[in-house]
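*Asks:* Sequence:
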Amino acid sequence: MNSTLLITIIAALQDPKINCGSPSTTTDPYLVTSYDSCRASNTDLTGLWILLSDYKVTNNSVERNKQQRVMMVVTDNNDGTLNASVCNRNPSSRDFTFSSGGSGLSFYDDEARADVELSIVSNTLMEGAHVSGGSASVDNSAVTAIKLRDDAAIGTLKLSYQLDGFNYSQDDLVLKCFAQNKGQTELLDFSITFDGEQARFFVDVNNDGTDEELSLSVFIPEDVERELEINLNFSDTGDEIEGENTGNTSATYRENSNRAVDLEASVIDDFTPTNTAVFELDVEL
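The opening residue of the sequence shown carries number 346 in my numbering; numbering runs sequentially from there.
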C-alpha cells in the first residue's frame, strides 16, 4: 500500500472529528437532517449543541403545536458532573446538572411548558421527547440534540437603543443563548390562534448604570395581515421597548438557515415613541 495513503487512513481513524455520523442532507432549519457533528469532536459531551424538537403540548388550556431549535452549551463541572445550559427565558431555568457517566439528561422547556427527557446515544447525539406531567399533556413529541462543535460561541448582536433619554450603542455584544420556534399557539378557552416564527435571544448590557440581562424577541406572523411584534425587556430595571402597531416595527432575515441566522430589526415603542431600538443579530450554527 502507498505509504502516503496509509498515513492518511491512520490519521483519519485517530481524528475524533472524522467519524461525524451522517453529514447534513437538508437545509430546513428545523429538521434533524439539516445538522451534523462534522465540526465537533466525539471525545466527550462538552461543547455547543442544538436541540431540535417537533411537538404538540397542551398546558393550562394553551395548545402549542410547534417546531423548535434551541442552543444548549454543555460544560464540565470537574466533579464528575456536567452542566447543560439550555436557552430558556428564565435564567433560573437554564442550567441543569447531569452525570458525566450517566445515560440521560432531563430539563425543562419553557417554550413548550413541559419537561424533556433525553437518552445519551453518543458524545454527539441525544434523543428523546417531551413528557407529560403536572399540567402538561403531551400529544406527540420528538426531541433530538446534536453536538455542533467544541467551542461554545453562539454569535453576536449589534445593538443601539434610546430609552427615556439614555442612548446605548454596542457593535459586538456576545449572545448568551439563542432559541427559535415556528408554529401555532392556540388559547383553547378563547379559540384564538397565534401562528408564526419567533426568535428570542439574550445579552448583558449596562442600561444607564445598571448591569442587567436584556431579552429580545422578534415574532413574524404567518398571516401578513397580523402585526409583527418586537420586544426588548430588561431584567432588573423592568424597562421595556415593545412595538406591534403598524409602522412601528421592521424585521428582515437576510439568512435563516441551518448554518446561520442573520436578522435586521428596528422598533419604535407603541406607548413612548421616543424609545426606539435597532439591532442586527448574527448567529453561527
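Hints in this document: simulated from the structure, not taken from any laboratory.
What you are looking at is a predicted structure, and each value in this text was computed from that prediction instead of being measured.
Where is the CB? At the ideal position from N, CA and C, for every residue including glycine.
It is possible that part of the hints are untrue.
With a straight-line Cα cutoff of 20 Å, these simulated EDC-like cross-link-like pairs (lysine to aspartate or glutamate) come out [what the hints assert, rightly or not]:
hint: 1; residue 1: K401; residue 2: E542
hint: 2; residue 1: K521; residue 2: E567
hint: 3; residue 1: K521; residue 2: E557
hint: 4; residue 1: K503; residue 2: D460
Listed next, with one range per pair, are the computed distances between beta-carbon atoms [what the hints assert, rightly or not]:
hint: 5; residue 1: S406; residue 2: D549; range: 43 to 49 Å
hint: 6; residue 1: D495; residue 2: A605; range: 16 to 22 Å
hint: 7; residue 1: D615; residue 2: L532; range: 20 to 26 Å
hint: 8; residue 1: S438; residue 2: E570; range: 46 to 52 Å
hint: 9; residue 1: E570; residue 2: D424; range: 25 to 31 Å
hint: 10; residue 1: T555; residue 2: S406; range: 45 to 51 Å
hint: 11; residue 1: G554; residue 2: N428; range: 45 to 51 Å
hint: 12; residue 1: D516; residue 2: G479; range: 23 to 29 Å
*Asks:* Are the hints correct? Go through all of them and say.
*Replies:* Hint-by-hint comparison with the structure:
1. K401 to E542: holds, 16 Å
2. K521 to E567: violated, 28 Å
3. K521 to E557: holds, 12 Å
4. K503 to D460: Violated: K503 and D460 sit about 33 Å apart, past 20 Å.
5. S406 to D549: 43 to 49 Å: violated, 35 Å
6. D495 to A605: 16 to 22 Å: For A605 against D495, whose Cβ atoms are near 19 Å apart, the range 16 to 22 Å holds.
7. D615 to L532: 20 to 26 Å: holds, 22 Å
8. S438 to E570: 46 to 52 Å: Hint violated: Cβ distance 34 Å, outside 46 to 52 Å.
9. E570 to D424: 25 to 31 Å: violated, 54 Å
10. T555 to S406: 45 to 51 Å: Since T555 and S406 have Cβ atoms about 37 Å apart, the given range 45 to 51 Å is violated.
11. G554 to N428: 45 to 51 Å: violated, 31 Å
12. D516 to G479: 23 to 29 Å: violated, 43 Å
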